Each structure stands twice: as C-alpha cells, then as structure tokens.
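> Residue 215 in this note's numbering sits at position 215 of the sequence shown, with consecutive numbering throughout.
Keep in mind that the hints were calculated from the coordinates and are not lab data.
It is possible that part of the hints are untrue.
[Stated by the list, open to error] Within a straight-line C-alpha distance of at most 25 Å, the following computed DMTMM-like cross-link-like pairs (lysine to aspartate or glutamate) qualify:
1. LYS26 with GLU221
2. LYS56 with GLU120
3. LYS56 with GLU66
Bear in mind that the values here come from a model prediction, so they are computed numbers and not experimental data.
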Amino acid sequence: WEGGGGGGPPGGGGVLENLGELVETKANRKALTVGIGLVLFQQLSGQPSVLYYANKIFERAGLGFEAAVGVGLFKALMTLVSVQLVDSPRWGRRPLLLIGTAGMTVSLVVLGALFANGAENTNQAAVIGAIVSYVGFYQIGFGPISWLILSEVFPQRIRASAVSLGTLANFASNLLVTAVFEAERQNFGESILFLQFAAIAGAAVAFEYFLVPETRGLSLEQIEAQLEGDINPSDSKGG
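Work the whole structure out from these sequences, hints included.
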C-alpha cells in the first residue's frame with residue numbers, strides 16, 4: 001500500500017469495533033492525533049464563519065451580495081487550482097498545508113486589523129481582498145490536504161473507522177463554530193473574532209510543522225517511521 005495511492009475500498013469493521021486498534025500502537029495513536037487535529041483546526045480556524053456568513057460580513061462592511069457571489073466563484077476556481085497542485089509531483093502534502101494555513105493566519109490578522117475601528121470604518125476593497133486571500137489559501141491547504149492525510153496515515157483495515165471519527169469531529173466543530181459565531185460577533189465585534197481565529201490558525205501552523213508527516217508517495221512503513229519518531233516530519237520528503 002502506498003501513502004498516495006488508492007488500493008480498493010477501505011476494509012475493517014465499524015468504528016467501535018476498530019476503536020481499540022486505532023489506539024493500539026504508538027503510530028496509530030499519533031496518526032489519530034494528526035488526523036483529528038487537522039480536521040478540528042480546519043473548522044476552528046474560522047472556515048465556517050468566513051464562508052457561511054460572508055453575506056453578513058459584507059453587509060457590515062457596506063458591501064453587497066455581489067461580493068459574496070464573487071468569493072464563491074473564486075473558491076470554485078481555487079478548487080481547480082488545488083487539484084492541480086495536489087496531483088503535481090513538485091508539491092508534497094506538508095508544504096501545501098503549511099503555506100495554506102500560514103496564508104490563512106495572515107489573512108485573518110489583516111481582517112482583525114481592518115475591523116479594529118468598527119465595521120462601519122473598514123476599507124471595503126481591503127476586506128474583499130483579505131477574504132479572497134483567506135478562501136484561496138484554505139482551498140490549497142486545509143480544504144483538500146486534511147482529508148488526504150487523514151486517509152493516508154492509517155492502515156487500510158482501520159482507515160474507514162479513522163475517517164468516520166474524523167468526519168464526526170469535523171461536523172461537530174463546524175456546528176460549534178457556526179453556533180457561536182454570531183453571538184461572539186455581536187458581543188465582541190469582528191476584530192476580536194478574527195484575531196481569535198488567527199491565533200487558532202497560528203497554532204495549527206505549529207501543529208502541522210511539528211507533528212504532521214509527509215505522506216505523498218510514501219509507503220505506510222515510511223509514514224509510520226515518521227509517526228513513531230524515527231524520522232522528524234520536518235525532515236521528511238515525499239516523492
């Protein structure tokens with residue numbers, strides 16, 4: 001089995017049946033930490049808020065519905081770009097993830113700064129630019145790479161259980177962010193909200209750098225060597 005390959009449908013029983021095996025070895029426990037951590041950071045860094053509430057953000061900044069439509073079209077375009085990057089032999093999973101998350105962090109800091117004097121006093125063009133930047137970096141990093149790595153760090157027999165747990169964690173964190181966004185925005189304002197997301201995204205960059213292994217083109221044994229600490233993830237090379 002290769003880290004970047006398919007190899008048929010995932011095997012194994014249900015999530016509960018394989019739960020013990022998911023935490024049985026050091027490599028599996030580390031893989032679970034990496035996979036669940038990525039899908040949690042994917043949502044907790046503000047993705048549901050920026051995308052689901054784009055219209056509200058634009059309204060408060062004095063912008064119209066057309067801007068939200070434009071962001072949606074840009075997201076579709078960046079999805080096509082991300083497909084090309086993920087399939088390119090010149091890029092590994094880690095570089096795309098780190099670049100994407102770092103770019104999201106900067107975009108969120110810029111949004112926090114732009115809203116510092118209140119939504120009514122923001123630079124409209126700069127708000128659009130920061131949101132477009134956030135969406136673009138998300139689409140080349142967290143968007144595709146989190147799920148690729150989650151599916152590549154586990155043996156095939158327990159991969160379905162791991163992905164199921166990751167999906168559950170993703171939906172739960174998505175629901176949490178969506179539920180608290182509006183209350184936080186009203187109580188603390190957009191600036192504090194975006195800076196909070198920026199801090200979480202910054203923590204995600206550190207998490208990725210120190211814990212997330214490269215998986216592109218690597219065998220499961222090579223990935224497990226990184227997870228068990230025999231190879232530093234920052235020194236790993238895909239190929």
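> Look at each hint and say if it fits the structure.
Structure-based check of each hint:
{"no.": "1", "hint": "LYS26 with GLU221", "in the structure": "13 Å, holds"}
{"no.": "2", "hint": "LYS56 with GLU120", "in the structure": "13 Å, holds"}
{"no.": "3", "hint": "LYS56 with GLU66", "in the structure": "12 Å, holds"}
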